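Engineer: If you read the sequence shown in UniProt numbering, its first letter stands for residue 1, the second for the next number, and so on.
These are calculated hints, taken from the structure and not from any lab test.
Remember, predicted model here, so these are calculated numbers, not experimental data.
All clues given are correct.
Derived DEER-like restraints, expressed as beta-carbon distance ranges:
1. THR9 <-> VAL178: 53 to 61 Å
2. GLY32 <-> ALA111: 30 to 38 Å
3. ALA70 <-> THR171: 17 to 25 Å
4. GLN56 <-> ALA166: 39 to 47 Å
5. ALA43 <-> ALA69: 16 to 24 Å
6. LEU48 <-> MET7: 52 to 60 Å
Even glycine gets a Cβ: it sits at the ideal position worked out from N, Cα and C.
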Amino acid sequence: MSSPIWMATPPEAHSAMLNTGPGPGPLLAAAGAWSALSTEYAAAAAELGGLIGSVQAGAWQGPSAGQYAAAHLPYLAWLQQAGADSAGVAAEHEAAAMAYAGALAAMPTPAELAANHMIHAVLVATNFFGVNTVPIALNEADYVRMWVQAATAMSAYQAASGTALASAPRTAPAPSIVNLDRSNTAAQTNPLSWLGQLVQTYLNLYQEGFGEFEALLQNPVGTLRQIITAFATNPAAALVAYGPLFFFAAYEVVSPIATYGPMLTALSLGLSLSLGTITLPAGAIAPIAAPAAAGGAPGPRPPPAGAGG
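Using the sequences and the hints, build the whole thing.
Structural biologist: Right under this line is the structure:
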């Protein structure tokens with residue numbers, strides 16, 4: 001709000017807003033928090049500066065020590081700047097709180113305004129034959145003074161608080177102390193890149209193993225002699241050199257088992273289950289007559305044809 005708008009509002013509104021608001025307490029609390037943060041930044045900067053100084057003094061030798069110091073120097077500068085910025089923000093909060101206190105001190109109190117209105121009512125009520133004309137004019141002039149005083153106090157408070165807000169420093173983001181190469185950055189931006197790298201590594205290993213296996217087939221005796229000699233002289237280097245060959249051979253042995261083993265197991269299990277559930281219809285198989293016991297009595301014979309009854 002600008003001065004003309006402040007001037008257009010009666011002093012009762014300005015006095016009520018300032019006297020019934022939260023007061024300077026939240027501003028002072030925020031200033032204390034920013035001041036504590038500035039102290040923490042300064043302590044961290046002092047500790048990091050001591051570490052970098054000890055590294056540069058020779059406590060840590062080697063190229064990694066130089067890289068450590070070079071990576072942390074920008075962060076040390078940021079800590080120092082952040083501490084100064086936090087102290088500046090705390091000072092601006094304190095300035096805004098002081099501006100509020102000044103506006104509250106310069107603002108006419110609600111009691112003064114109420115007394116002015118009460119005196120004005122009494123003077124008007126007892127103005128017989130114009131005897132209170134001059135006191136009424138003086139009372140109205142005093143009210144105009146309080147009107148202007150309230151508008152001026154609000155304008156000054158607005159200017160001071162706006163200046164404090166505009167001049168408060170802004171802390172930049174902290175610099176990174178980790179040196180990420182481009183390959184890691186690309187891998188982070190493309191989550192599927194690791195899958196392509198894994199497939200490419202697998203294909204390279206398979207091709208190397210296939211080449212070694214082809215050499216073994218073309219010259220088995222010479223290749224075996226080379227493998228035995230290599231493992232006898234340097235087993236670690238031989239394992240690295242002929243590792244793809246062993247991987248290829250193991251893959252060719254294990255892959256069919258891993259591929260077709262579950263299929264054959266499932267097939268045999270299905271056949272056993274299906275055979276166990278086969279049922280035949282009734283009467284499909286005729287019963288087999290039991291043979292006559294040896295030495296048993298012969299059964300009755302039918303009468304000969306043409307025999308008289």
